[in-house]
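Peer 1: Protein chains in written order, with full-length UniProt numbering: chain A, 1 to 70; chain B, 1 to 70.
By construction, these hints were calculated from the structure, which means they are not laboratory data. Just so you know, these numbers come straight off a predicted model, no measurement behind them. It is possible that some hints are incorrect.
It does not matter which identical chain is meant; a pair holds if it fits inside one copy or across any two.
[Stated by the list, open to error] Pairs of lysine-lysine residues, derived as DSS-like cross-links and limited to a Cα-Cα distance of at most 30 Å, are as follows:
#1 Lys10 <-> Lys25
#2 Lys10 <-> Lys68
#3 Lys44 <-> Lys10
#4 Lys19 <-> Lys44
2 protein chains.
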Amino acid sequence: MEDIKVRFGKKVRELRLLKEISQEKLAELADLDRTYIPGIESGKRNVSITVMEKLSIALEVNLSDLLKNL
Amino acid sequence: MEDIKVRFGKKVRELRLLKEISQEKLAELADLDRTYIPGIESGKRNVSITVMEKLSIALEVNLSDLLKNL
């Protein structure tokens, strides 16, 4: 099975594209540095729970949906 | 609303007690340093996704269940 960071990154990307927003826009909505999102989506970042919460709010999904089927 | 780290810590504790295992046993099962679990359960640790995966395996729940209703 793929590394959890890679699987999570793909999920964030999937949800972002569903919302039709750019990585920059997601960073802005999630109050994260804009260079952070490419690192998450490419599976390089070991995301913390506080960052996950920011992403779930920005993507308008609850936290557990962010990790569903990973 | 309580800080996400505190809410997560309470969830880990709840699941651990349901399994009737000690913090030391959870640390062993999750391949984490035994001093790490008290910090998580008291909401002091900003847990990463890789640690979450280890906890979900040790607690025998899937990742999204670990964050359900947080």
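Peer 1: Each hint should be assessed against the structure and marked as holding or not.
Peer 2: Against the structure, the hints come out as follows:
Proximity of Lys10 and Lys25 under a CA criterion of 30 Å is satisfied intra-copy only: 17 Å inside one chain copy versus 33 Å between copies. Both within a single protomer and between protomers do Lys10 and Lys68 lie at most 30 Å apart by alpha-carbon distance, with minima of 12 Å and 20 Å respectively. In this assembly of identical chains, the alpha carbons of Lys44 and Lys10 lie at most 30 Å apart whether taken from the same copy (11 Å) or from different copies (28 Å). In the homo-oligomer, the alpha carbons of Lys19 and Lys44 lie at most 30 Å apart inside one protomer (23 Å), although the nearest pairing across protomers, at 33 Å, exceeds that limit.
Violated hints are absent here; each numbered hint is respected by the structure.
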